[in-house]
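Asks: Here are the chains, one letter per residue:
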Amino acid sequence: GQQVMQIPQYQHVQEGEDFTTYCNSSTTLSNIQWYKQRPGGHPVFLIQLVKSGEVKKQKRLTFQFGEAKKNSSLHITATQTTDVGTYFCAGRTGRRALTFGSGTRLQVQP
Amino acid sequence: DTAVSQTPKYLVTQMGNDKSIKCEQNLGHDTMYWYKQDSKKFLKIMFSYNNKELIINETVPNRFSPKSPDKAHLNLHINSLELGDSAVYFCASTDGGLKQFFGPGTRLTVL
Chain A
3 GQQVMQIPQY QHVQEGEDFT TYCNSSTTLS NIQWYKQRPG GHPVFLIQLV
53 KSGEVKKQKR LTFQFGEAKK NSSLHITATQ TTDVGTYFCA GRTGRRALTF
103 GSGTRLQVQP
Chain B
29 DTAVSQTPKY LVTQMGNDKS IKCEQNLGHD TMYWYKQDSK KFLKIMFSYN
79 NKELIINETV PNRFSPKSPD KAHLNLHINS LELGDSAVYF CASTDGGLKQ
129 FFGPGTRLTV L
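Residue numbers (this note's numbering), protein chains in the order written: chain A, 3 to 112; chain B, 29 to 139.
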């Protein structure tokens, strides 16, 4: 079945440093979504990427979808303490349900 | 104003008991889901319902039985609870296969 892996599993940065999480799928994806889950909270939708090579920005967050539509990345510039949480990618193939990645837990030291 | 609500928020119970978790969404979405998130934060889909009909059942034990009385509600009943059922269960809904709106979660602890 479809597998979606994320690395790193965990990252601890100093406030102001950049952060990147990578997502890799075993199959070609129709689209990929990113979610953020704050500690003790629930996943919240951030963005969806559909096109090969697509790049989208949300303030300090930059999302990329690979040319082969099998990988994606989320980059945060100049992290802030409000960025703390677990970031999940979630990929879909055709009309199948979303498969969530294993998540990257981000800790930001003030 | 709550988009997706779940009750209860916390559930502590003994092994072997039967329990239910309720979910309601007021977004008018057609599709609802149940996810299980384990202690390592893995989010795994359990069930998906579209307009009260089951469309996904991801090899979940028969002890878990979802019920959708109408398209705004999706409840989860669990029989004969086991230690390994301890997790956070999230309900979610979506319209048109786009972004998913998650409920606040139900933390189930089986003793």
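Hints are computed from structural coordinates only; laboratory data are not their basis.
Warning: the hint list may mix true and false statements.
[Claimed, not checked] Label pairs and their in silico Cβ distance ranges:
1. B/LEU126 / A/VAL57: 15 to 23 Å
2. B/VAL40 / A/GLU69: 42 to 50 Å
3. A/VAL57 / B/GLY124: 20 to 28 Å
4. A/GLY18 / B/ARG135: 42 to 50 Å
5. B/ARG91 / A/GLY55: 29 to 37 Å
[As the list claims (entries may be wrong)] Heads up, simulated SDA-like pairs for lysine to any residue below, C-alpha to C-alpha not over 25 Å straight-line:
6. B/LYS69 / B/PRO97
7. B/LYS68 / A/LYS53
8. B/LYS127 / B/ASN90
9. A/LYS38 / B/PHE70
10. B/LYS69 / A/GLN11
Cβ coordinates follow ideal geometry from the N, Cα and C atoms, glycine included.
Asks: For this structure, which hints from the list above don't hold up?
Replies: The structure conflicts with hints 4, 5, 6, 7, 8, although it agrees with all the remaining ones.
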